[in-house]
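Q: Quick mapping for you: the protein sequence lines, in order, are chains A and B. 1 is the number of the first residue of the first sequence in the working numbering; add one for each residue after it. 1001 is the number of the first residue of the second sequence in the working numbering; add one for each residue after it.
In case anyone wonders, no lab produced these hints; they're calculated from the structure. Heads up, a few of these hints could be off.
Unchecked claim - Far from chain B, by Cβ distances over 10 angstroms, these chain A residues were calculated: (1) M1; (2) G6; (3) R74; (4) F83; (5) P90; (6) F97; (7) T100; (8) K138; (9) S146; (10) Q157; (11) Y203; (12) R214; (13) G227.
What the hints assert, rightly or not - Listed next, with one range per pair, are the computed distances between beta-carbon atoms: (14) B/D1409 <-> A/I177: 41 to 47 angstroms; (15) B/D1401 <-> A/L122: 32 to 38 angstroms; (16) A/L120 <-> B/D1353: 48 to 54 angstroms.
Claimed, not checked - Output of the computed footprint for chain A on chain B, the stretches with three or more beta carbons under 8 angstroms from beta carbons of chain A: (17) 1181-1187; (18) 1388-1399.
No residue lacks a Cβ here, since even glycine has one placed at the ideal position from N, Cα and C.
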Amino acid sequence: MLEIRGLTAAIEDKPILKGIDLTVPQGEVHAIMGPNGSGKSTLSYVLSGREDYEVEGSVTFDGLDLLSMEPEDRASAGLFLAFQYPVELPGVGNANFMRTALNAIRRKRGEPELDAVQFLKLARAETKRLSMPDDFLKRNVNVGFSGGEKKRNEVLQMAILRPKLAILDETDSGLDIDALRIVAEGVNALRGPDFTAVVITHYQRLLDHIVPDRVHVMADGRFVRSGGPELAHELEAKGYARLTAEAA
Amino acid sequence: MNAASQTGTNAFLARFEGLRERLPGNRAIREGAAAAFRASGLPTIRDEAWKYTSLRSIAEASFHEPLTALASGSDLLGRLPVLDGPRLVFVDGRFRDDLSVLPAAVAVENFAANPDFGALARPDREPLVALNTMLVEDGAVIAVAEGTDAGLLQLISLGTDAPGRPVAFHPRHTVALGKGARLTLLEMSAGEGTYLHNPVAEMQVGEDAVLTHLRLQDESPSAYHLSTLYAQIAYRGTYDSFALILGGRVTRTEVHARLSGEHGATHLNGAQLLCGVQHADFTTVVSHDAPCCASRQTVKNVLSGQSRGVFQGKIEVARGAQKTDGYQMNQALLLSPDAEIDSKPQLEIYADDVKCSHGATVGELDPNQLFYLRSRGVPEAEARALLVRAFLTEALDAVGDEEVRGVLDDAVEGWWEKQAA
């Protein structure tokens, strides 16, 4: 599903990713862990097509050359990034935003667009499943949302857009334990042979709820360890400093 | 005055010479205005108040007297989103009984029959007001009696020209609301060809009265629209206004609002959507003469092509106008590298216990917002359109009347579709 080979990224000549190789087979959930500043968020931005970086290497997504594609084309091909810091859109209603996105993707895929009634039916079912208040869809996108509400709104978008590959960038940060469980359930509900995910997190606790198939540890723009779900527990016990020192 | 300005000034003065015997109303007022206009001339960019708006093209144009309007104008009415209910229609500045629907709850006369020059206009200070006072032929004289809720009244102006013969018209409107009266005035203007629409309006808002004034300026792309409005707000009265400016080649929307009684309030909100080589100037002066009054202004500009927007906003707080609450915000979205905004806020405060703030933001679309939308699959052009509309939606949220809000939303939508085409 996702093949990353020799990926480097720099911003204003400052290297951030220094050679990333990663294979995520279809249907699997991989976790990327690492200390702040290790390059985790940069990786998520580069994959979703943010233009601020000078990028080299190759990324194949579902057989497509991802790095040559515009962000909107990556999305309609089935890629989704749950933002670490979701963006506020004053003046744009949440329902209108999501319907615009869903219909843009459906149009690209040659599928019929949903009218407002059809969309609201779908959206209400998903908000209910994610235990979100009814006014969630009426409010302006992320405006006046608490940190936890913003993250749940990301998961709601993911549930509505149904991506093939989701990258969740620190979706757990700022969440209390109840919100964390709701978010995790939202992700787990999508799990199956057609859903692949890369979960970026600083802490092991999210991985108690979303149990990954593989865990990769990142430090200074590279992966330093990879292993099964038990690696997350080892990391929690030893801390990043010792683990990366051992790996070096 | 430069040579062009002098030529333009002389042409208008010559018009007055030719018409003076036939114009209605107090001759002394007109002669006084003519003297003031002769002294000041058409403003140039050397005049501080006109620094950002050049009237050179008006000075160089040769305007004619409107021909007697026959059946013309009726087709133009279809260009405006006219609502059911009462409306006063003017074609080339002259009242058209055949196109109007007179209101029941409001006393209406026309200026030609009852020439009321009002009490607020300052032809001695504003050259365009002097020009209007000198040459006004017609207008609406509207009065809402004490305690009456008059509902919605539409005031419509249509401009026409015979090819190659641009006309100028200078209507004079007065609106007076008695104690506790209410009125929603929807003013719309449109037209065809080249013309100068130079209206002066006076709004007298009585004690506890509420005047909601909504404007849709959608003049012809080659028209000039220079409007000056004076509002005086009495004790606990409210003058709540929103102006949507879409049309015209060179336009100015100038408002003088005077809060003369305690606990009065005024909102001077607006949005200017410009493209091509349009130039639109939004100038306000809010005078807090009495204590405990509030004024709010949010003016937004969306500028594409080589268009230029101007905002000049002045808040004056008189000595003794304590507990004044004044707020002013000017925001501009520049959609093209050739668009320009000039923003000039001014505060003149002579009281010591006041809260006054102003702010201005100028920018392009936020790249983070654009990326967020694109990452969700929304193509770039569609994402841009969505964000511009969002910027305007925020401005239009100031309009409480749902029916009128619908009219303005549709006008914005129409403007946007024209841009995309």
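Q: Could you run down the list of hints and mark each one as holding or not?
A: Cross-check of the supplied hints:
no. : hint                                   : verdict
1   : M1                                     : 18 angstroms, holds
2   : G6                                     : 24 angstroms, holds
3   : R74                                    : 8 angstroms, violated
4   : F83                                    : 7 angstroms, violated
5   : P90                                    : 6 angstroms, violated
6   : F97                                    : 8 angstroms, violated
7   : T100                                   : 6 angstroms, violated
8   : K138                                   : 14 angstroms, holds
9   : S146                                   : 18 angstroms, holds
10  : Q157                                   : 7 angstroms, violated
11  : Y203                                   : 25 angstroms, holds
12  : R214                                   : 25 angstroms, holds
13  : G227                                   : 30 angstroms, holds
14  : B/D1409 <-> A/I177: 41 to 47 angstroms : 44 angstroms, holds
15  : B/D1401 <-> A/L122: 32 to 38 angstroms : 33 angstroms, holds
16  : A/L120 <-> B/D1353: 48 to 54 angstroms : 50 angstroms, holds
17  : 1181-1187                              : violated (count 0)
18  : 1388-1399                              : holds (count 6)
Hints 3, 4, 5, 6, 7, 10 and 17 from the earlier list are contradicted by this structure; the remaining hints agree with it.
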